[in-house]
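Engineer: The residues making up each chain are set out below.
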Amino acid sequence: MVPIAPIDPSPDTPSTASPKTLFDKLWSAHRIVQRENGDTLLWVDRLYLHEGSFHAFEQLVQRNASVAEPGLVFGFADHYVPTHSRTKNIANPEIARMVRTLNDNALRHRFRLFGLQDPSQGIVHVVGPEQGLTLPGMLIVCGDSHTSTHGALGSYAFGIGASEVAHVLMTQTIWQRKPATMRISVDGKLGPGIGAKDIALSIISRIGANGAQGHAIEYAGSAIRGLSVEARLTLCNMSIEAGARCGVIAPDEETFAYLRGRPYAPTTDQFDTAVDRWSRLVSDPDATFDREHALAAEQIAPIVTWGTSPEDALPIDASVPDPASAPDAERAGYIRAALDYMDLSPGQRLTDISVDQVFIGSCTNARIEDLRLAAAILAGRKSRVPGRVSPGSSVVKQQAEEEGLDRIFWEAGLDWVESGCSMCVGINGDTVAPGKRCASTTNRNFKGRQGPGARTHIMSPAMAAAAAVTGHLADARPLLAGRLK
Amino acid sequence: MEKFTRLTAIACPLRLANIDTDQLLPARFLKVSRAAGLGRCLFQDLRLDSKGQEHPDFPLNRPAWRNAGILVGGANFGGGSSREAAAYALLDYGIRCVIAPSFGDIFAQNSVKNGLLPAAAEAADVAELAATLERNPESSVTVDLETQTVTCGNASFQFSIPGSWRDQLLNGWDEIDLTRSHQDEIETFRRMRRKSEPWLFTRG
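Those protein sequences? They're chains A and B, same order as listed.
Per my numbering, the first sequence starts with residue 54, numbered consecutively.
Per my numbering, the second sequence starts with residue 19, numbered consecutively.
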């Protein structure tokens with residue numbers, strides 16, 4: 054056994070210490086003990102669970118163990134929930150069992166569940182911030198890779214597997230090796246109709262789907278500061294698609310204003326103290342990062358994927374790559390396999406790719422601002438293809454209906470459905486049929502992600518709405534002209 | 019957890035980059051319990067066509083590699099979803115080690131927790147090994163975690179793995195027991211955190 058050296062877990066950095074990054078500060082604030090080989094035991098402030106947690110609970114049962122901190126554990130029914138109805142029983146018995154098992158575990162282990170019938174039900178990465186459960190300075194884990202979303206509020210948040218979920222359930226701690234740091238700076242002003250999804254796909258197409266592997270990303274720069282909290286959530290959500298351990302944005306006035314008054318946020322008497330503490334969560338001016346990338350906001354165009362990885366993304370005015378122009382045989386083979394699966398031709402213009410359906414939803418792009426943007430394009434227009442709009446939470450659904458967005462979607466010919474992961478991963482039964490092509494606001498265009506043989510192009514909500522009204526991949530900007538508030 | 023020290027086995031090359039965990043185990047199998055058998059679900063949509071017939075070209079379907087214990091993969095092997103069942107499916111099929119230029123972080127972590135070695139090696143070394151195996155499908159490969167070497171015939175190369183993962187695999191540690199030995203430090207930390215940032219616990 055390697056000896057373990059206890060360390061001072063004081064969250065406050067002495068003024069004489071060397072400059073620290075935001076991530077360094079988050080890391081230090083959660084250290085309990087560190088081993089000689091670098092493994093560090095970290096305190097977990099929030100464990101989020103969804104139906105996939107059943108493997109972890111099986112491990113708990115095998116050990117006859119109990120949940121260490123039920124008050125810091127929150128469950129969300131999202132991956133398997135039906136989106137067509139909340140009143141009928143779930144027809145598929147295996148899917149029904151998944152939803153029921155989470156209910157049973159919540160009752161048995163006494164943690165708060167945002168279950169199927171809860172008025173605040175929704176996707177974990179939408180509901181966590183929306184309820185004020187996710188706060189700056191926290192360490193948050195969940196058995197879902199898109200847990201990186203929560204870093205948008207200045208928390209250290211990452212996805213883990215079932216064994217680690219079981220470990221957190223039993224101890225409220227997790228062993229981690231400290232990742233390297235990467236700063237991605239986006240300065241300047243984004244063009245109209247360009248959003249966080251375009252930033253994210255631009256970054257991933259440049260650095261690659263494992264370009265940030267082993268790194269904690271900090272997004273910085275004036276264009277990032279200018280993003281709303283919801284847009285920041287979209288950007289941090291996609292960090293995992295660059296292979297990052299997590300993505301984080303320093304909390305600021307925008308963040309504090311977003312959080313004030315949310316159900317689980319600090320109460321009025323504690324809020325100012327909390328803001329004072331959260332305001333220290335910034336990278337020191339002279340802090341250094343292991344790697345740096347910079348993008349000019351003006352150069353970011355509306356972007357869509359053409360292949361089977363989020364790194365296979367190009368601006369909408371580009372054409373499908375030609376394997377014959379690839380730098381080496383391996384790359385050529387990769388492009389050929391992707392085009393074969395996607396049924397595309399080398400050199401084909403992206404705007405000539407017609408789609409069979411659209412999906413607007415998921416933890417990436419189903420918040421109220423996303424739905425407003427899609428509705429701005431769809432208002433008074435008809436979709437040429439069938440499609441589905443699934444709000445990120447039941448709270449978002451209610452808000453959208455109060456604003457009349459549901460009518461815009463219905464009148465355009467799209468289905469307005471209940472909240473859940475739905476067609477992003479297809480395990481509730483909402484799938485894209487084999488060979489069909491979907492313009493989707495989701496996060497993964499992997500082979501078979503939306504169903505076996507399904508062809509997915511990922512893009513922003515504005516671009517998905519543009520694909521709906523034109524029937525093909527299209528630049529959203531002309532369709533948005535005069536419609537942006 | 020089962021220890022990993024040294025393994026000699028048939029190795030199957032799988033050259034594609036970005037083999038994500040959705041390829042390893044498609045999402046529709048995520049509700050399958052491990053006891054019901056996940057090995058048969060491994061690479062389902064790459065191995066089988068829509069009628070359930072095997073694609074004869076998929077490497078693991080070829081007779082020489084059907085019983086592989088090692089996979090030789092491409093860059094970013096296991097990227098994407100955090101599903102630990104992707105590691106279960108590999109193990110239950112009989113794979114104990116994946117050699118690749120790089121791995122998805124969460125997949126690699128899940129692998130280590132289950133005694134599956136993610137051996138990261140130089141892309142050129144991995145490509146050469148894959149080419150050797152394609153020429154001589156019967157050759158076995160030895161992976162030695164103590165010395166962090168991969169050997170195939172007369173050729174050998176080093177692989178890298180974080181020290182803490184190496185320790186864990188070599189010793190087969192039970193992490194929960196290790197953590198529980200720090201119960202006092204955990205309790206001290208918890209009290210301190212509750213005092214300094216009570217809003218983190220207010221609903222607890």
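These aren't lab readings, by the way, just hints derived from the structure by calculation.
Since this is a predicted model, take the numbers as computed values, not measurements.
Beta carbons: idealized from backbone N, C-alpha and C, even for Gly.
Watch out, some of these pointers could steer you wrong.
Stated by the list, open to error - If you anchor each label on the Cβ, the simulated ranges turn out as follows:
#  : chain 1 : residue 1 : chain 2 : residue 2 : range
1  : A       : Asp337    : B       : Asp195    : 33 to 41 Å
2  : B       : Ala141    : A       : Glu89     : 48 to 56 Å
3  : B       : Glu205    : A       : Ser281    : 25 to 33 Å
4  : B       : Ala141    : A       : Lys538    : 32 to 40 Å
5  : B       : Gln71     : A       : Arg116    : 15 to 23 Å
6  : B       : Gln176    : A       : Asn117    : 17 to 25 Å
7  : B       : Asn85     : A       : Ala347    : 20 to 28 Å
8  : A       : Pro316    : B       : Ala141    : 27 to 35 Å
9  : B       : His73     : A       : Glu89     : 46 to 54 Å
10 : A       : Glu89     : B       : Met210    : 46 to 54 Å
11 : A       : Arg139    : B       : Asn85     : 42 to 50 Å
12 : B       : Phe219    : A       : Asp337    : 51 to 59 Å
Unchecked claim - Listed below are several chain B residues computed to face chain A (Cβ distance under 7 Å; list not exhaustive):
#  : residue
13 : Asp40
14 : Asp123
15 : Ile124
16 : Lys131
17 : Pro155
18 : Cys170
19 : Ser182
20 : Ile194
21 : Lys213
Engineer: Now look at each hint and say whether the structure bears it out.
Structural biologist: Against the structure, the hints:
A beta carbon spacing of about 39 Å between A:Asp337 and B:Asp195 agrees with the range 33 to 41 Å that was offered as a hint. In this structure the supplied range 48 to 56 Å is violated for B:Ala141 paired with A:Glu89, their Cβ-Cβ distance being about 31 Å. Restraint check, B:Glu205 to A:Ser281: a C-beta distance of roughly 40 Å breaks the suggested window 25 to 33 Å. B:Ala141 and A:Lys538 have their C-beta atoms about 49 Å apart, which leaves the hinted 32 to 40 Å range violated.
One distance hint, 15 to 23 Å for the beta-carbon pair B:Gln71 and A:Arg116, is violated here, with the actual separation near 42 Å. Checked against the hint of 17 to 25 Å, the pair B:Gln176 and A:Asn117 fails, with Cβ atoms roughly 42 Å apart. Evaluation of the 20 to 28 Å hint for B:Asn85 and A:Ala347 yields a failure: the beta carbon distance comes to about 49 Å. For A:Pro316 and B:Ala141, the Cβ-Cβ distance of about 49 Å falls outside the hinted range of 27 to 35 Å, so the restraint is violated.
For the pair B:His73 and A:Glu89, the supplied restraint of 46 to 54 Å holds, since their beta-carbon distance comes to about 48 Å. The hinted range of 46 to 54 Å is not satisfied by A:Glu89 and B:Met210, whose Cβ atoms lie roughly 24 Å apart. For the pair A:Arg139 and B:Asn85, the supplied restraint of 42 to 50 Å holds, since their beta-carbon distance comes to about 48 Å. Distance hint check for B:Phe219 and A:Asp337: the Cβ-Cβ separation is about 29 Å, which falls outside the suggested range of 51 to 59 Å.
With a cut of 7 Å, the hint placing B:Asp40 at the interface with chain A holds, because the nearest CB-to-CB distance is about 5 Å. Checking B:Asp123 against chain A: minimum C-beta separation of about 6 Å stays under 7 Å; hint holds. Taken as an interface hint, B:Ile124 checks out: its beta carbon lies about 6 Å from the nearest beta carbon of chain A, inside 7 Å. Given the 7 Å rule on beta carbons, the hint for B:Lys131 holds: about 4 Å separates it from the nearest Cβ of chain A.
Look at B:Pro155: its Cβ only gets to about 20 Å from chain A, farther than 7 Å, so that hint breaks. Using the Cβ-Cβ criterion of 7 Å, the hint placing B:Cys170 at the interface with chain A is not satisfied: the shortest such distance is roughly 20 Å. Given the 7 Å rule on beta carbons, the hint for B:Ser182 holds: about 4 Å separates it from the nearest Cβ of chain A. Of the supplied interface hints, the one on B:Ile194 holds, with its beta-carbon coming within about 6 Å of a beta-carbon of chain A, less than 7 Å.
Restraint check, B:Lys213 versus chain A: the minimum CB separation of about 11 Å is more than 7 Å; hint violated.
Consistency with the previously given hints fails for numbers 2, 3, 4, 5, 6, 7, 8, 10, 12, 17, 18, 21, ordered from lowest to highest.
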